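Protein chains in written order, with our numbering: chain D, 109 to 564; chain A, 109 to 564.
Careful, some of the hints might be misleading.
Which residues of chain A face chain D? A few of them, derived with a C-beta cut under 7 Å, are [said to hold, decoys possible]:
#1 Asn-314
#2 Gly-323
#3 Ala-333
#4 Pro-393
#5 Thr-397
#6 Gly-411
#7 Thr-423
#8 Ala-464
#9 Gly-520
DSSO-like cross-link-like pairs, simulated, lysine-lysine; straight-line CA separation at most 30 Å [claimed, not checked]:
#10 Lys-349/A to Lys-349/D
#11 Lys-280/A to Lys-349/A
#12 Lys-138/A to Lys-138/D
#13 Lys-349/D to Lys-280/D
Bear in mind the hints are in silico, worked out from the structure with no lab data behind them. Predicted model, so just to flag it, every value in this text is computed and none were measured. Glycine included, each C-beta is placed from N, C-alpha and C at the ideal position.
Each chain, written out:
Protein chains: 2
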Amino acid sequence: MDWNGYLDREQARFVDELIDFVRIPSVSAKPENIPDVRRAADWVAARLTRAGAEHAEVLPTAGHPVVCADWLHAGADKPTILIYGHFDVQPAEPLELWRTPPFAPEVRDGCLWGRGASDDKGGMLIPILAVEAMLAATGRLPVNVRFFFEGQEEIGSPDLPPFVAAQRERLKADMIFSADGLQWSPEQPQIVEGLKGLVSLELVVNGPRGDQHSGMQGGGIANPAMALAQLLASMKSADGKITVAGFYDDVVDLTVEDRAAIARIPYDEADYLAESGAHATFGEPGYSTRERLWARPTLDVNGLTSGWQGAGTKTVLPAEARAKITCRLVANQSPERIFDLIAAHVAAHLPQGVTARVERLPGRADPFLVPAGHNASAAAAQVLAEVYGRAPYRTRVGGSIPVMTTLLGELGVHAVMFGFSHGDENLHAPDEFFRLDAFRLGQSAYCRLLERLGAA
Amino acid sequence: MDWNGYLDREQARFVDELIDFVRIPSVSAKPENIPDVRRAADWVAARLTRAGAEHAEVLPTAGHPVVCADWLHAGADKPTILIYGHFDVQPAEPLELWRTPPFAPEVRDGCLWGRGASDDKGGMLIPILAVEAMLAATGRLPVNVRFFFEGQEEIGSPDLPPFVAAQRERLKADMIFSADGLQWSPEQPQIVEGLKGLVSLELVVNGPRGDQHSGMQGGGIANPAMALAQLLASMKSADGKITVAGFYDDVVDLTVEDRAAIARIPYDEADYLAESGAHATFGEPGYSTRERLWARPTLDVNGLTSGWQGAGTKTVLPAEARAKITCRLVANQSPERIFDLIAAHVAAHLPQGVTARVERLPGRADPFLVPAGHNASAAAAQVLAEVYGRAPYRTRVGGSIPVMTTLLGELGVHAVMFGFSHGDENLHAPDEFFRLDAFRLGQSAYCRLLERLGAA
């Protein structure tokens, strides 16, 4: 039986295994889930071994662990490829918005529903299954393969840089493919050539020592929640431009050719809005929506917290107000420089009567662009054209995968996104799901990719 | 034994009873405490009966109940006075900031520490104990007395207007005294002549249908948390003036005489700031801090909530952002008109790409000013001068007691604040406390007040 027959025969088991995997609430952001992230790592290591990979090991970092494995018997004349993915997931809150519980995965309508089904448990299981099928069919792989799966992608991979630096030998490869990635649609493949960078911070405004009676102190002293609102409002113009001084200084502007290439890819505003349910697009003036999403930096408030948030009224003047903020960055912005610019902005715009500070949060990435004509990228494009029957679009993504820039920095290799999720799968929202036909197609695509790379 | 001797002899028991009373977590804002508010009502009714009051009854409203009782045997030639107070308390959160648990009251340093000790369980117990002492000493009271204690003051007494309208006969009185009130300091009494009005609302901004991945949608659609910040910031100038069109239109400006009278009362900015721990005063330009606190309207954000508020980073673009807002109003502002002005402001300043709505919350009061030369006010001032040995200051308070305006409207009687709490007792904050010497002094003051009113 060839690998394709094996994949067909074993598919029901693979779906059951993915269900087992999704059942583990490996939320990297929540301290109470630390043991679950570890449990997911153990699951991955065991699964790699069952697939026929060797040296599967759960390796410690200062935070959540990494899982590595390899199969290196293709011969010295064959390339070594490194396959990346992550087994941690986003928090599932608000739980009441899920149709079925996030960690009780269920198959409905040809999809698997559950937190992490798409991002990235389904995705990272695909290459493991591809390798199992090829080893089952032929006893060998066409190339040398290393696996590198992490447990902290959703919190920005804070402990990966020292890990990768220390494990350079174990991760050494000629090409890197990320199993965490998106296709354009179930019918249309893409090669993602760019990712945004990321800087995460919290803006904290303080006033009185504790929450005050709004009747006793209101009008006498400044209100930190209002001051926070004023500070946030000062960071953007009404028409959507970021007004933090120097914010755009290091941005490499889109060329006329870049803009033309982006404009060639079909875009339907109604479809785009349907993804999120927003009633209108909005953002920096002078750029199309897709240009803003793909190639312009952003500043988003991720959360606000202050004072009384329960039912009804509590007439307090709050002691403190906090905003979590992330900026998505593009080449050549630096997370550190953007943080410093925001801190300087806050100091320069501090409202009267309060104090404010800006704190870095976990979550940092440099912006990432695959160079044009890159060989791993070309091979991936050919495989996608074969399995989909259509040439892939060359696109960018607004998201960040910090480890991609870490791998580039430490190993000198540009990773290629080769994943089979889709942007409409509620990746960081309630009711996340993964298409099971993409799960199956991805397995074939990985087998073909290994064949193509081994034949070169 | 005269009433003074009785009060001295029974004081330790009275403190124990107050401890019992404070132990009941009668938080009117929280649905889970509905049975506790009812329990507090039962406690009050039983305590009134033990004091010698008649017809003590827990009476239903659409929300939390009311407790009424009376003693009406002084004779038709004697005035009838109504004594008001409340047995509900503010929420105790954040619990971790309390030195001892809010509902495990403890005596330390001559004070009773616990939620509601000062506001208003200690205060409302005082006139009950005064009546008990006079009845124990002489078998009668110098005036006819009605008690009217409510369980929803801390949520703005939403169900009191229909209750008072329906119970006009039961509440009919020549004078009204509120046992919910403050003295200037342990040494210096005051007559509070003004209370601010109140309007409570929530501003809700909506964008996408659920929280979105900030990398997938950031830059493409508007961020509701940023839009909320922009809306809030649009309501106040950087120097502290409320910029909602028409907000100040109905304000009766302070006269030269009003400002001079306020300026005569000692004010120490460092002492004022020490109350809250704020490092500076701040507010509407053109007015002193005390003028702003006493006689100028305010707009305060009481709470903010949006998106991810847990540990670390969650890279979401939130679906919704909410701000709770209360305005403290002065004569002749109307809560309804101010709500309409804010709603119109929100509609006029709505940022692009989001929707917003403004919802009334429970909590409304008209502003309240006791007319100069009012007879109950004069009697109260004389008693305070006797028990403190100093003439009371004539002051105003930034807080609101909605039922005061309801009683004025329905019964045609201006209430006089005759309470013995102090502004530094953390009334709506962690570590609330009540001074036990003020508890004792207040009991004598109520006995003297009844005597003075009966002798007139």
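Restraint status (C-alpha distance of Lys-280/A to Lys-349/A at most 30 Å): violated (42 Å)
Interface restraint verdict for Ala-333/A against chain D (beta-carbon cut-off 7 Å): Because about 4 Å separates Ala-333/A from the closest Cβ in chain D, which is inside the 7 Å limit, the hint holds.
Chain D contact restraint for Gly-411/A - C-beta distance below 7 Å: Since the shortest Cβ distance to chain D is 4 Å, the answer is holds.
Supplied contact hint for Ala-464/A, tested at 7 Å Cβ to chain D: Constraint on Ala-464/A not satisfied, violated at 12 Å.
Interface hint status, Gly-520/A versus chain D (Cβ within 7 Å): Not OK, violated: Gly-520/A not within 7 Å of chain D, min 25 Å.
When the least beta-carbon distance from Gly-323/A to chain D is tested against 7 Å, hint result: holds (3 Å)
Hint status (Cβ of Pro-393/A to nearest Cβ of chain D, threshold 7 Å): violated (11 Å)
Asn-314/A as chain D interface residue, shortest Cβ-Cβ below 7 Å: Hint on Asn-314/A: violated, closest Cβ of chain D at ~9 Å, above 7 Å.
Pair hint outcome, Lys-349/D versus Lys-280/D [Cα-Cα no greater than 30 Å]: violated (42 Å)
Chain D contact restraint on Thr-423/A - CB to CB distance below 7 Å: holds (5 Å)
Hint consistency between Lys-349/A and Lys-349/D [alpha-carbon to alpha-carbon, up to 30 Å]: Answer holds: Lys-349/A to Lys-349/D is near 27 Å, not above 30 Å.
Given hint Thr-397/A near chain D, where the shortest CB pair must fall under 7 Å: holds (5 Å)
Hint compliance for this structure: hints 1, 4, 8, 9, 11 and 13 are broken, all remaining hints hold.
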